[in-house]
Amino acid sequence: MSFKVGIIRFLGTNCDADVKKWMTLKSHRAVYLWFENQFNVNDYDMLIIPGGFSHGDYLRCGALAAHTPVMKSVKEFATKGKPILGICNGFQILCEAGLLPGVLLKNDLQKFKDEWAMLKVIQNRSPFLQGTKKDQVIKLAIAHGEGKYFAETETLNKLVDNNQIWLTYENNPNGSVLNIAGITNENKNVCGLMPHPERALFEWMGSTDGMYFL
Amino acid sequence: MNSDIKSDIKLGVKIMPRDVILDTQGRAVEVSMRSNGFADLAECRVGKYIEIILNTSDVNKARSEVERMLKEGGLYNPLIEKYEIYS
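Residue numbers (my numbering), protein chains in the order written: chain A, 25 to 238; chain B, 1425 to 1511.
Be careful, since some hints might not be right.
[Claimed, not checked] Computed footprint of chain A on chain B; a stretch qualifies when at least three of its residues, placed anywhere within it, have a C-beta under 8 Å from a C-beta of chain A: (1) 1446 to 1455; (2) 1486 to 1500.
[Claimed, not checked] FRET-style restraints, in silico, Cβ to Cβ: (3) A:Phe174 <-> B:Ile1477: 54 to 64 Å; (4) A:Phe174 <-> B:Lys1472: 16 to 26 Å; (5) A:Leu133 <-> B:Ser1431: 32 to 42 Å; (6) B:Gly1436 <-> A:Ser51: 56 to 66 Å; (7) A:Val161 <-> B:Ile1445: 14 to 24 Å; (8) A:Thr232 <-> B:Gly1497: 48 to 58 Å; (9) A:Lys182 <-> B:Phe1462: 25 to 35 Å; (10) B:Lys1472 <-> A:Gln62: 32 to 42 Å; (11) B:Ala1466 <-> A:Lys96: 38 to 48 Å; (12) B:Glu1475 <-> A:Lys182: 46 to 56 Å; (13) B:Arg1469 <-> A:Glu194: 25 to 35 Å; (14) B:Leu1446 <-> A:Ser51: 20 to 30 Å.
If you are wondering where the hints come from, they were derived from the structure by calculation, not from laboratory data.
The C-beta atom is built at its ideal place from N, Cα and C for all residues, glycine as well.
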């Protein structure tokens, strides 16, 4: 099935072209959306917020991007139950915008981590990873300084109870609570993960597991 | 009086970009706030506030220690930053 995908670009987004290439490989039609403009939510089947350093990571990662005009439409899109994927900085933006619970803190040992990560698919009911089996382990690259997922115990309990934990690290690289690498909202239509599926598409890249995604 | 008992002193240091420096972070915050409808906003500047706790009860000593941290310890860069000490 081919979808019309909106890829949202902020000042400092830098994984947009990779995500577009990825969507093209998956036979979807992808267009860029600019942060200063709202859009008609009926024009798209799916949204992706790619990684990067939106608005210089100033104030807090994703904080300034979360309060831009385009996010009003993103929130409306989320309310309609349509799929939204946030990758890396996109995950941080979704958290700051309140579309996903929790926050991403500076990694343990204050280290920027760029390496391969083995990830367990905890639930495959999100729209984005239905091609995998539950507990399947996939290999994706991570590249982040602030990827340590944190939430209060009450929120974590909710995540567990509602099956909102999407992906976990096999070898926690950053100190995330419950080894969390990705979560979904309660409806499972808004998903965020720190690893980069768009960087695992061809054998020569070191993994093709990004192709499992929708 | 027992001279072994020492009380800690907490001082605060506010470090701000100098006025002549283009504060890119402040500008980014300012643009964001203005576009969110805070029309009266004139300017934002972003700096940092550091709390320093010293093992002394001598206020003057504590202050001069913090001054030394600023000037010799690299706590601020006089080329681009200015500071104020708060007690």
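Taking the hints in turn, this is what the structure says about them:
Taking a C-beta to C-beta cut-off of 8 Å, the region 1446 to 1455 of chain B contributes 4 residues in contact with chain A, enough for the three needed, and the coverage statement holds. Counting residues of the region 1486 to 1500 of chain B whose beta-carbon sits less than 8 Å from any beta-carbon of chain A gives 0, not enough to reach three: the coverage restraint is violated. At roughly 25 Å, the beta carbons of Phe174 of chain A and Ile1477 of chain B sit outside the given window of 54 to 64 Å. Range check, Phe174 of chain A to Lys1472 of chain B: Cβ separation about 22 Å, and the 16 to 26 Å hint holds.
Between Leu133 of chain A and Ser1431 of chain B, the C-beta spacing of about 34 Å keeps the proposed range 32 to 42 Å intact. Distance hint check: the CB atoms of Gly1436 of chain B and Ser51 of chain A are about 58 Å apart, consistent with the given range 56 to 66 Å. In this structure the hint that Val161 of chain A and Ile1445 of chain B lie 14 to 24 Å apart at CB is violated, the actual value being about 49 Å. Look at Thr232 of chain A against Gly1497 of chain B: about 50 Å separates their beta carbons, and that is inside 48 to 58 Å.
Checked against the hint of 25 to 35 Å, the pair Lys182 of chain A and Phe1462 of chain B passes, with Cβ atoms roughly 33 Å apart. The hinted range of 32 to 42 Å is satisfied by Lys1472 of chain B and Gln62 of chain A, whose Cβ atoms lie roughly 34 Å apart. At roughly 26 Å, the beta-carbon separation of Ala1466 of chain B and Lys96 of chain A lies outside the given 38 to 48 Å, and the hint is violated. Between Glu1475 of chain B and Lys182 of chain A, the C-beta spacing of about 34 Å breaks the proposed range 46 to 56 Å.
Take Arg1469 of chain B and Glu194 of chain A: their Cβ atoms lie about 44 Å apart, and the range 25 to 35 Å is violated. For the pair Leu1446 of chain B and Ser51 of chain A, the beta carbons lie near 45 Å from each other, so the given range of 20 to 30 Å is not met.
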